[in-house]
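Chains A and B, in that order, are what the protein sequence lines are. The letter at position 177 of the first sequence is residue 176 when you use numbering that gives the first Met the number 0, and the numbering goes up by one with no holes. The letter at position 54 of the second sequence is residue 53 when you use numbering that gives the first Met the number 0, and the numbering goes up by one with no holes.
It is worth saying that the hints were derived from the structure and are not from the lab. Since the structure is predicted, the reported quantities are computational estimates derived from the model, not experimental observations. Among the clues, some could well be false.
[As the list claims (entries may be wrong)] Straight line, CA to CA, 30 Å or less: simulated DSS-like cross-link-like pairs of lysine-lysine: (1) A:55 / B:7; (2) B:12 / A:170; (3) A:114 / B:9; (4) B:7 / A:54; (5) B:221 / B:7; (6) B:55 / A:159; (7) B:311 / A:114; (8) B:311 / A:43; (9) B:36 / A:43; (10) A:82 / B:311.
Given next are the chains, with one letter for each unit.
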Amino acid sequence: MEKKNSYSRRFFIKASAALGALALVPKYVSSFYRDIKALIVPVKEHINLTVSVNKKPYTMQADTRSTLLDLLRENLQLTGTKKGCDHGQCGACTVHVDGERTLSCLTLSAMTVGKEVTTIEGLSEGDDLHPMQEAFIACDGFQCGYCTPGQIMSAVACVKEGHTGSVEEIKAYMSGNLCRCGAYNGIVESIQKVAQHETI
Amino acid sequence: MRPFEYVKPKDSKEALRAKTPTGAYIAGGTNLVDLLKKNIAVPHQVLDVTQALSDKITLKRSGIEMGAMVRNTTAAINPTILEQFPLVSKAILAGASPQIRNMASIGGNLLQRTRCPYFYDTSLPCNKRAPGSGCGAYNGENRMSAVIGYSADCVAVHPSDLCVALAALDATVVVQDAQGKKRSILFKDFHRLPESAPQQDNTLPEGALIREVYIPKNAFHKHSAYVKIRDRDSYAFALVSVAAALQLDGNRIVAARLASGGVAHKPWRWLAAEQFLAGKETNATVFAEAAALAVQDVRPLAHNAFKVDMLKGAIETALQEALQA
Numbered sequence: 000m001e002k003k004n005s006y007s008r009r010f011f012i013k014a015s016a017a018l019g020a021l022a023l024v025p026k027y028v029s030s031f032y033r034d035i036k037a038l039i040v041p042v043k044e045h046i047n048l049t050v051s052v053n054k055k056p057y058t059m060q061a062d063t064r065s066t067l068l069d070l071l072r073e074n075l076q077l078t079g080t081k082k083g084c085d086h087g088q089c090g091a092c093t094v095h096v097d098g099e100r101t102l103s104c105l106t107l108s109a110m111t112v113g114k115e116v117t118t119i120e121g122l123s124e125g126d127d128l129h130p131m132q133e134a135f136i137a138c139d140g141f142q143c144g145y146c147t148p149g150q151i152m153s154a155v156a157c158v159k160e161g162h163t164g165s166v167e168e169i170k171a172y173m174s175g176n177l178c179r180c181g182a183y184n185g186i187v188e189s190i191q192k193v194a195q196h197e198t199i
Numbered sequence: 000m001r002p003f004e005y006v007k008p009k010d011s012k013e014a015l016r017a018k019t020p021t022g023a024y025i026a027g028g029t030n031l032v033d034l035l036k037k038n039i040a041v042p043h044q045v046l047d048v049t050q051a052l053s054d055k056i057t058l059k060r061s062g063i064e065m066g067a068m069v070r071n072t073t074a075a076i077n078p079t080i081l082e083q084f085p086l087v088s089k090a091i092l093a094g095a096s097p098q099i100r101n102m103a104s105i106g107g108n109l110l111q112r113t114r115c116p117y118f119y120d121t122s123l124p125c126n127k128r129a130p131g132s133g134c135g136a137y138n139g140e141n142r143m144s145a146v147i148g149y150s151a152d153c154v155a156v157h158p159s160d161l162c163v164a165l166a167a168l169d170a171t172v173v174v175q176d177a178q179g180k181k182r183s184i185l186f187k188d189f190h191r192l193p194e195s196a197p198q199q200d201n202t203l204p205e206g207a208l209i210r211e212v213y214i215p216k217n218a219f220h221k222h223s224a225y226v227k228i229r230d231r232d233s234y235a236f237a238l239v240s241v242a243a244a245l246q247l248d249g250n251r252i253v254a255a256r257l258a259s260g261g262v263a264h265k266p267w268r269w270l271a272a273e274q275f276l277a278g279k280e281t282n283a284t285v286f287a288e289a290a291a292l293a294v295q296d297v298r299p300l301a302h303n304a305f306k307v308d309m310l311k312g313a314i315e316t317a318l319q320e321a322l323q324a
């Protein structure tokens with residue numbers, strides 16, 4: 000997706016000279032200068048970024064428009080994180096950013112530089128599943144499985160935040176994750192199971 | 000999404016200087032990224048202000064100051080806010096999902112756009128999105144729309160819960176304009192009514208930044224409640240919501256605050272009902288009279304007449320809950 004630059008060398012020399020001259024004039028035309036500059040200087044639509052995912056740094060060039068979700072799935076092939084609605088309504092794309100549950104579809108990848116991203120792939124340690132993953136299997140916390148990575152990431156955060164006092168509280172604090180199969184009861188049970196275990 | 004340049008200014012001065020007329024500030028991104036994807040917001044430049052703006056909550060002698068970059072969750076669980084301004088926490092926790100509250104900023108919460116479906120569907124008319132195209136909801140599907148303060152040009156409602164609490168508590172918004180000058184805007188003057196220019200949600204000057212939101216100290220911390228009625232129990236926008244706060248002397252009301260979301264283009268204060276409550280005793284009859292006084296100015300549209308009774312009930316419930324809080 001390399002973008003060809005359509006401006007000639009001569010155009011650039013002329014434009015730079017014009018801009019240089021404009022830069023010298025008093026402050027009241029500086030806003031005009033800024034507008035002209037926005038019109039003729041090509042906008043940088045790609046950025047180089049380093050993002051830390053599951054404790055591993057990745058350096059790449061990305062479109063400024065790319066969301067963290069697209070970066071994970073398309074650039075890093077970490078397809079465990081799912082794209083449901085892509086508009087922040089379903090929670091399927093939930094990941095942890097600096098330990099807090101976040102919607103990766105509403106996060107620009109450029110804004111995650113310097114932060115630690117944890118996805119469903121980073122939850123288990125080697126072949127040992129995370130207790131929440133074990134609980135989802137034991138309690139039938141899923142049917143088709145599409146919302147499950149988001150549910151599990153959200154559930155882990157829900158326990159960590161301490162919102163497991165009652166079924167109502169768990170449901171309220173898991174309301175950002177929709178399940179079209181309706182595995183909600185199993186999801187609540189999974190969370191209760193992990194929460195109980197953690198308080199013992 | 001249209002191409003844009005991404006910039007991350009180090010401080011507010013740099014942010015104000017770097018912003019081009021077609022630039023947009025981004026904080027939590029929970030509303031803007033959605034608008035970018037739908038080509039409703041088409042900036043050529045996106046300025047990430049997460050580093051430039053304060054994320055501190057500071058208790059001062061006369062009130063509390065929340066930096067524009069304070070995340071909604073951070074504010075909702077802040078011990079000082081929970082103790083002295085619990086209405087703020089209650090309102091925040093009634094909104095969105097935990098994920099969105101973790102991301103969304105206080106400043107951005109004030110600036111979020113309406114959730115009117117006509118605004119989001121680019122194939123339909125909407126004066127807020129495309130000025131002059133008409134208001135699709137005024138004579139269309141307006142179940143979720145306003146019941147007061149609207150015009151034939153726009154019947155959209157402001158979606159925020161936090162802003163209802165801030166309106167009730169007479170907050171001020173500290174803004175910094177493109178020239179770097181700081182000033183305070185009273186919360187009641189921050190959001191506008193649609194009139195004939197619904198494309199303007201608020202009075203924030205062009206290119207300006209919200210720096211802080213300030214809430215003056217008050218005596219409402221003992222008795223406050225936020226009641227939100229919606230289509231599902233959690234993670235939905237309000238059909239109607241009510242923030243109620245009472246300052247009591249025994250069972251006599253010294254002062255009352257009542258504000259609503261889901262009813263108007265801006266968080267709506269029920270001033271006549273507040274005045275009525277001052278000096279009265281706390282009982283169900285007084286609360287019912289206050290609620291009746293509030294809804295007498297309400298003018299529902301074709302599909303939202305249900306909001307009148309719902310609002311009346313929500314005001315009574317909120318006052319009761321505030322009393323028992």
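Violating hint indices (sorted, rising): Failing hints, ascending: 2, 5, 7, 8, 10.
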